[in-house]
Every structure is written in structure tokens, then in C-alpha cells.
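**Student:** One-letter residues, chain by chain:
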Amino acid sequence: MIASRFQYYRPETLDEACQLYMRLQEAKKMPLYYGGGTEILTRARESAIRPDAVLDIKHIPECRRLEMAEDTIVFGAAVTLDEICRTNYWPLLSDAAGRVADHTTRCKITLGGHLAGTIPYREASLPFMIFARDAKITVQGPAGPRRIPLVQVYDGQLHLGSAEFVVDLSVPRSVRDYRGASVKTTRIDWVDYPLFTVTMVRDSSGVRAAFSGVLADPFTSASIDKILSGKADLSQRARESVAQMNPIIDDLHGSSAYRRFRLTTVISQLLQEIGE
Amino acid sequence: MLSYPEPGPLTLNVNGDMLSLTPRPADTLLYSLRQELGLTGAKPGCENGDCGACTVMVDGLPIKSCLMLTAEAEGREIRTVEGLNNTVLQDAFMDAWAFQCGYCTSGFLMTAHALMEREPEADEATIVEWLRSNLCRCTGYEEIVQAVKAALEQTQRS
Ligand code: FES
Ligand code: FES
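Line order of the protein sequences matches chains A and B. So for the first sequence, this note's numbering puts the first residue at 1; every next one is plus one. So for the second sequence, this note's numbering puts the first residue at 1001; every next one is plus one.
Simulated from the structure, these hints should not be mistaken for laboratory data. For each residue, glycine too, the CB sits at the ideal point set by N, CA and C. Incorrect hints may have been included.
[Stated by the list, open to error] Covered stretches of chain B, as calculated for chain A (at least 3 residues, CB under 8 Å):
hint	segment
1	1001-1012
2	1020-1032
3	1059-1072
4	1127-1133
5	1140-1146
Isolated chain A (complex conformation) (with noise of 0.2 Å):
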């Protein structure tokens, strides 16, 4: 049961959402955006967050796009994780989100609560990172939807003003045409918090990776691209890559050490399977 007191919105339109909040703000009330709700319910379940008001996204068309036109492919934020899979506009996606939490829980977990929830492994995002400066992302804001490069707000960690919330994300249709892969590593059981997720890409320029799970948020590092696109062996690149990382995460799920054993390996199997 979640003892906390708050109220639900359900609003229409990105006006009406944004509005509210500011509104809500203005009355001196903390007030959440809500897409899937998973992380916001099972924080307010522990008392971790205590909001006023929880505005539902869900009913706002412009964040329910899921299309793939003649040259984009768009991501509404409140487009679950289970519609991406099945849709499957975007392979490299597909198997990124699906290999987030359970398929029960991906039918819930929204892209937009994913890539701005507090958990830190955002599996999703990490394609979207390794085109980053192809990726758009529509951010609505008091004044207005702005639709920007996914850079200028996105690092791992989103980075957005006061009563902003994401709208959707759009990449070219041509990531399509790329050979790439992602594999997320548990300590234990295929459902488990990640031990790490590695994706990577081959593109006629050379190997892109991200990484989430290693440091403290999802990342990407020219120079570990360069290392991985070299001309070394492949076990060499992965040790290479591996020693540029620092500090790995030492926890529960894996001390240091561990990690950079199994991501290791996992670099070198995903070289290979992108064709090096």
C-alpha cells in the first residue's frame, strides 16, 4: 500500500500537461510526470519520494507516436517498452529494451520514465547514445515543444528544465542499416538488475560501443571507439577498452574486478559478432 496522499491527472495535450504542472509548482505542490509509473509507485511505496500530484502522459497522443516514416523512426515517450519490441522498427532497440527488467514489466515501463527514472542502467538509451548526434529528442516546456539533438540534454543522465517533460525521440530511419548488437550480463539469474549491458555498432567509420552498468550512468568514449576499432586482436581491444574504464562499480551485483572480467569477454564475443 503507499501511504502517501497524492493526486492523479490524466491530461490531454502537452499544453495542458505542462500548464498544470506549473500551476501545481506555483501552489507549492512537488508535482511527477507519469508515464509507466514503476519506479514512481515502488519509490512512493517506500516512502522514498513523497509527491502531490502525478500527471498520467499516457493520454497525450503527441507522446503515443510510434512510427516509422520514409526516413525517421519516432519513439513517443510514453510508448512501452513490450510496443518497441513487437513493433520492432529498430532491431538494435529491440533487443537493448528487450532485455530491461521482465516482459510483464516492459509492458508497462514507458521509454520516457526509462531514459528519466533514477535507476541507473537505462539499457534503452544506449542505442540512442551510439547515435547521439543523429537522435532528436521533443522536449515540451512552458514555452512550447522544442525538438533538439539528443546531446544537448542527454549524457547518460537527462538533463531537463523546470517543467519539462520528454515528448518523444526520433532517429533516421538509416541506424536500420547498421550490424549491431547488445548483450546485458547478470550476476546470477536472466532476470536480475544488469551487471552491465554493452551495445555495439559497426558503421563504415569503425566500432561504436555504450556501456551502462560500468560507471555510474550509461556512457560513450571516443577513445574506447578508437580502441575498438583498431587493428589489434580482439581480446587485445577488449583489455585495452576496458583498462580506459575507471571507476568500474563495486557492488552487490559484482565487485570491480568481476566486471572487468565478464565485460572482457563480452567485448571480444561482440566484436565478433559485428563482423571485426
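Start from chain A and add chain B with the ligands according to the hints.
**Tutor:** What follows is chain B with the ligands alone, placed relative to chain A:
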């Protein structure tokens, strides 16, 4: 805009019946089903989205009812284990002895029922992937997978 600033009356479509209740806006669907509607088939286990004992179907999808607000479920079709009556799946669980204490069973049944509706041709890998959403502390997993396979096969035959 639909809003529930305070506890207020709303109507839920549960197993085809329109049921009235007065939840707090912060009440989960699990809480309302059990405490307000007396539908105790969905079980509270972890109440944290981990165990799947509280699984129900919402618009044909399996949903952990501890991870959904009651207000969020308004306007959607909810199906609980009480809405399954003598289904092939339930018989298959009996035949395969796919439970021991039974606490997890209604959650497994609802996950599997959603699977049968959405993926009637599911192979074993798909069955296992869906069932991984649920935990059984009596660890009867093998029998549960066998029961779902048997139910799917029987449905395909008929
Ligand atoms: S009680 Fe809902 S998942 Fe455990
Ligand atoms: S039969 Fe006891 S928990 Fe599953």
C-alpha cells in the same frame, strides 16, 4: 482532463462487470481489487514489481497490479483470475501438478492466459520468456512450463 485530486468514485470494468468503487488516487489496482472489490485472486507478494503474484490482464496484456494505479485503470478492460472459469489452461495446471502452495498460481495463470491470447503459436523460448516475469517460491517451474505448453497444444488442436 480526468482528475482525481481526492478519493472519489470511479467505475472499473473487471471481468466484464462495471464495478463502482471509491479509491484514494494513490491506491494501486492490486489494493483496490482486493480491499474494495473483494477480488483476492491477485496476490500481494513483493508489491514491488518483482514477483508477479499480483498479475492481472489489462486490455489483453499482463500487468503487475501493484505497479498500476486504480485511477490509471479506469476505461480499460481488466481481467483477474476470478474471470477464468474452467479454462484449458487451468485444467492443464491441475493435470501437470503445476503448483504446490498455490500462492503464485493466479499470477502465473494470468501471464500464461495473456500469452495464449497474444501468442497462440508460442514456442518454448517465448513461453519461458513470458513466465520469467513470475516467481514461484516452491520452484515448480518445470511443471508450469509443461502445463502452458500442454494448454497451447490443446488449443491449437481444437
Ligand atoms: S506483488 Fe506485484 S509483482 Fe510482486
Ligand atoms: S506454488 Fe508455492 S509459490 Fe508457487
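**Student:** Give a verdict on every hint.
**Tutor:** Status of the hints after comparison with the structure:
1. Counting residues of the segment 1001-1012 of chain B whose beta carbon lies closer than 8 Å to any beta carbon of chain A gives 6, which reaches the threshold of three, so the coverage claim holds.
2. Counting residues of the segment 1020-1032 of chain B whose C-beta lies closer than 8 Å to any C-beta of chain A gives 6; at least three are required, and the coverage claim holds.
3. Only residues whose beta carbon comes within less than 8 Å of a beta carbon in chain A count, and the segment 1059-1072 of chain B has 10; three or more means the coverage holds.
4. Only residues whose beta carbon comes within less than 8 Å of a beta carbon in chain A count, and the segment 1127-1133 of chain B has 4; three or more means the coverage holds.
5. For a cut-off of 8 Å, the count of residues in the segment 1140-1146 of chain B with a CB near a CB of chain A stands at 0, and the three-residue condition is violated.
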